[in-house]
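Asker: Top to bottom, those sequences are chains L, F, P, Z, S, E, R and A.
Counting in UniProt numbering, the first sequence runs from 1 upward without gaps.
Counting in UniProt numbering, the second sequence runs from 1 upward without gaps.
Counting in UniProt numbering, the third sequence runs from 1 upward without gaps.
Counting in UniProt numbering, the fourth sequence runs from 1 upward without gaps.
Counting in UniProt numbering, the fifth sequence runs from 1 upward without gaps.
Counting in UniProt numbering, the sixth sequence runs from 1 upward without gaps.
Counting in UniProt numbering, the seventh sequence runs from 1 upward without gaps.
Counting in UniProt numbering, the eighth sequence runs from 1 upward without gaps.
These aren't lab readings, by the way, just hints derived from the structure by calculation.
Careful, some of the hints might be misleading.
Label pairs and their in silico Cβ distance ranges [unchecked claim]:
| id | chain 1 | residue 1 | chain 2 | residue 2 | range |
| --- | --- | --- | --- | --- | --- |
| 1 | L | His11 | R | Gln91 | 35 to 41 Å |
| 2 | F | Asp147 | L | Arg22 | 18 to 24 Å |
| 3 | A | Asn20 | E | Glu77 | 49 to 55 Å |
| 4 | Z | Val62 | L | Asp128 | 21 to 27 Å |
| 5 | R | Glu130 | A | Asn20 | 31 to 37 Å |
| 6 | P | Asn157 | Z | Glu143 | 20 to 26 Å |
For every residue, glycine included, the Cβ atom is placed at its ideal position computed from N, Cα and C.
Number of protein chains: 8
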Amino acid sequence: MAKVKLDEIDHQILDMLIDNTRTPFTDIAKKLLISAGTVHVRVKKMEEAGIIKGSSLTLDYVKLGYAFIAYVGIFLEKTHQTKFVMERLEQIPNVTVAHITTGKFNIFCKIRAKDTNHAKNIIFAVDDIEGISRTETMISLEESINDKKRLMHKIFNDL
Amino acid sequence: MAKVKLDEIDHQILDMLIDNTRTPFTDIAKKLLISAGTVHVRVKKMEEAGIIKGSSLTLDYVKLGYAFIAYVGIFLEKTHQTKFVMERLEQIPNVTVAHITTGKFNIFCKIRAKDTNHAKNIIFAVDDIEGISRTETMISLEESINDKKRLMHKIFNDL
Amino acid sequence: MAKVKLDEIDHQILDMLIDNTRTPFTDIAKKLLISAGTVHVRVKKMEEAGIIKGSSLTLDYVKLGYAFIAYVGIFLEKTHQTKFVMERLEQIPNVTVAHITTGKFNIFCKIRAKDTNHAKNIIFAVDDIEGISRTETMISLEESINDKKRLMHKIFNDL
Amino acid sequence: MAKVKLDEIDHQILDMLIDNTRTPFTDIAKKLLISAGTVHVRVKKMEEAGIIKGSSLTLDYVKLGYAFIAYVGIFLEKTHQTKFVMERLEQIPNVTVAHITTGKFNIFCKIRAKDTNHAKNIIFAVDDIEGISRTETMISLEESINDKKRLMHKIFNDL
Amino acid sequence: MAKVKLDEIDHQILDMLIDNTRTPFTDIAKKLLISAGTVHVRVKKMEEAGIIKGSSLTLDYVKLGYAFIAYVGIFLEKTHQTKFVMERLEQIPNVTVAHITTGKFNIFCKIRAKDTNHAKNIIFAVDDIEGISRTETMISLEESINDKKRLMHKIFNDL
Amino acid sequence: MAKVKLDEIDHQILDMLIDNTRTPFTDIAKKLLISAGTVHVRVKKMEEAGIIKGSSLTLDYVKLGYAFIAYVGIFLEKTHQTKFVMERLEQIPNVTVAHITTGKFNIFCKIRAKDTNHAKNIIFAVDDIEGISRTETMISLEESINDKKRLMHKIFNDL
Amino acid sequence: MAKVKLDEIDHQILDMLIDNTRTPFTDIAKKLLISAGTVHVRVKKMEEAGIIKGSSLTLDYVKLGYAFIAYVGIFLEKTHQTKFVMERLEQIPNVTVAHITTGKFNIFCKIRAKDTNHAKNIIFAVDDIEGISRTETMISLEESINDKKRLMHKIFNDL
Amino acid sequence: MAKVKLDEIDHQILDMLIDNTRTPFTDIAKKLLISAGTVHVRVKKMEEAGIIKGSSLTLDYVKLGYAFIAYVGIFLEKTHQTKFVMERLEQIPNVTVAHITTGKFNIFCKIRAKDTNHAKNIIFAVDDIEGISRTETMISLEESINDKKRLMHKIFNDL
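Given these sequences and hints, build the entire structure.
Answerer: Structure follows, in structure tokens:
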């Protein structure tokens, strides 16, 4: 797969948007001493190249009443069911992340729930997907780091 | 902790921002038949209440050359070192998520790397943090779901 | 769920009953300098609110010939069988405690038996419940702490 | 150890007290067609023989705000520290049960906490006891059975 | 079960037979200053009481070409198959010991074989018994202790 | 190592002694139609060659009050301590068998005890041997097979 | 099985061929002060005896784009399927090594792939072989040693 | 790293050498209708590019008395010791393969030995390397596949 080439200007634009996706293009332009039109063109280019896939709000789940996080390891009956099971998992909005993994699990996913009882119901819903033979759950006692920005900045500094 | 009360208008504003954090407030106002000033006030209120903590770009890590994801389970020598170790982990930008967990690990984290060799170096850097006695790594073969938006919409529909 | 509010008097009554559930209300009344009728009313209130669910004798199982304690971890074939299996477990009086758990087991329970051979028969009875695929047993070599009173006192001191 | 001999009358007295430890002796006497004095003598005898060790209230922990239950498996550095560690565990009132066990853990205990965060602090307090090298925690999603009465009745029916 | 009472003379007779089951009764009699007839009567009594169940030769398996020892942990599909599986195991003479166990295995057995390849065939024969779902094997690299005599002497010294 | 050659007569002698080590040589001689002297010479030859290492009584441990059997897996701090630890294990008569093994344990041994409490003390004595870092115990619920005679007969039939 | 006897000359020939299988026989002959015909005869003899089974090129897999190595542990449904499963594994050229093993896996194999995604497809192909119930994968982060020559030289020095 | 480009002729040359590294260049030339000089140039080019790293004899280890294969998983005290430990492992010729791995082990290696006792000594030598805290061994009962040729042919067919 051909990697997209980004130049120094692109990196600086991304660097500013990473911190605040709502930064107006005119502010970016002023800081980089380029025209707002150039910022617009560059961002558009990176969106079309698929590098920028979108943006997301960072909400405080605890304040919204969703303080419970668990990681669920899934054992499948047969790995050819992987795609089918993933589609079912995608229908459970509380499953926010899911990976096909090596090691003892076939699939490994992250869920967010309101509390212990809510988590139980979600885990039961996962457990009952056809093709899943067993799950193992690990409870998060505290989400200490959840921050992609440090990595994003590092990627653009390293490029 | 007193939960912040959000009304129907707040929910609809969040619902639109979740899909695209760059949606102009004038567009939101037009759709909800309210003034742009009201949108502004509501968003400000939710930011001050800490419900909206910010926004983040969704980049395509594969296109940026960071295709390798691993989950690393960490065993500490003593749990009173948890805070100290978390601070050291935070200095490694490739550690994008870290949780204090129940089960066999004390800390469980997610790392993004360029390839197997890069991952090895990051894992070694984690392993050599003082207070960590051992780690176990699980490699992601495919990130099939990574999407908080379904959950966010559900939260606002349920409220 | 609305928590019941208990005042200082309630706490002191509970504190005395925790140590000896047979303490006569007149003794409690004398100590707290209130009428026996008040004690009666308060206890009734707490029973109706469901805070006091009853009382239980503390017997010496070793002297009664039930010296053998084991913890049994249960793997189910499917978690939708949980409720059904719990009902079957409840029919085995030697199963004194049972939890739905995270981690590797679906259900985790405690059994009391006379000796190794008796335990074997109980474990076999558990194993043969429909829907249970496998169990793992951990034997207690000594029950060193079994005392809820310290916690109860602490709860009322903390309130 | 010489087992205490209980006769039919003793069994029937225990059977009634198991259901409600506050049952007045006069009620028991009336039902069994014996004198209240006899009931008193029998109960005293069983207390002195150590068969009846006391009584305890059954409170609703959920209503008291203690809804979180976890089982913690403890690995010691050396088993000769068992006694020392047990004494330290006893100073943590949230540890309501603790056993010396076979299998992978040296000690296995049950804790009650208010919520995830509270549990984290208790687990950390356990982890930091001198002589403990590591712990593994299993969270209860639901306490489905916690009832010694069925066993007690069975014991007296079997005797 | 009523335990058989053995006196000092019985202990001394057993003590001598433990070291060499072929010791003539006349030698035992001379040493204990009793008649050979008494020795005969005592041994007979202990055989009838089932305390002495027989005697066995101690052969050197390595010299006979059976140097390979393995322990095999067996997982059953259902524990009600235990008796059936034990009968099948008994038909494989290389299975010299088998226990019903707690922990992760249902049955745990010891096998003796000529070499790696022979062991493979025996393990396969065990694996294919109906009702066995899986086995795990642990190879002995050296049998350092295999000696019941120390325990037997201790038992008779302790009695 | 040169294997000793045994002929048909040797096999038949061993076959008879396996069933009862006290069988008089005259009985063996009569059955095999050879002289008692020949039996004596043959047995002596096999003893000198080290094939017959001795004989042992088969006692009923349950009747002697030793009903409790456990398997203990031992983790060493360093394998160069193996020999030292084995010598210490040999001083505990309740350790009747001990192997150096592959798999997760360094040493695997079998112990016989009177009951749960006695087993605890023996396991603690093992645990406290210098060089042992940890042990895991598996309890036998029933010793279903303990019989080397089937194997011995098979060996001589196969030779 | 009768072992083939090799003399000093054979060892020296093998020693030279181990380092470079393409060494001309005339070079070997010159060095050992024997005729090239003798070298030819000796090599032929060792080939016929099956000691030399062939030769293989040592290629640089990383340069050929096959940098990804994984070890896959296989659980079978029943061990009598071992032979059948091995034949299926042999049809996947990326499975370069496969063993029947003791321990928790029935079969243990090594695979080489281009990258994470390619590895996933190979693991899925393995997983879907009939008779395989589950697999566990361990990823190599670096192949630090892959060298049989040291052992071969040692074997011939020891002989 | 710039991958070397190989053309169709290179592939065919490699394809023939894979089957027999001693194939004379004149035979290869004849078959491919090119000159022996061209074959020589091409092979030299691939050796200089590092694609061909050498060749190795395929010996029958069983016939040479090395029938015992084991896989040893190594736990390090600290991963910064990895390089040091690898250098020590390289001094043990019986360690033919060693990988830095993800999962529960830090290093995973393969050893070849004469028999159980020899394997024990090699494992002990590995165990006693400074920086290794523990090892776990898995014994091969049969090496069913050990063949890189299928993969090599496939690579050149796919290129």
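Asker: Taking the hints in turn, state whether each one holds.
Answerer: Results for each hint:
| no. | hint | in the structure |
| --- | --- | --- |
| 1 | L:His11 to R:Gln91: 35 to 41 Å | 48 Å, violated |
| 2 | F:Asp147 to L:Arg22: 18 to 24 Å | 21 Å, holds |
| 3 | A:Asn20 to E:Glu77: 49 to 55 Å | 50 Å, holds |
| 4 | Z:Val62 to L:Asp128: 21 to 27 Å | 26 Å, holds |
| 5 | R:Glu130 to A:Asn20: 31 to 37 Å | 35 Å, holds |
| 6 | P:Asn157 to Z:Glu143: 20 to 26 Å | 24 Å, holds |
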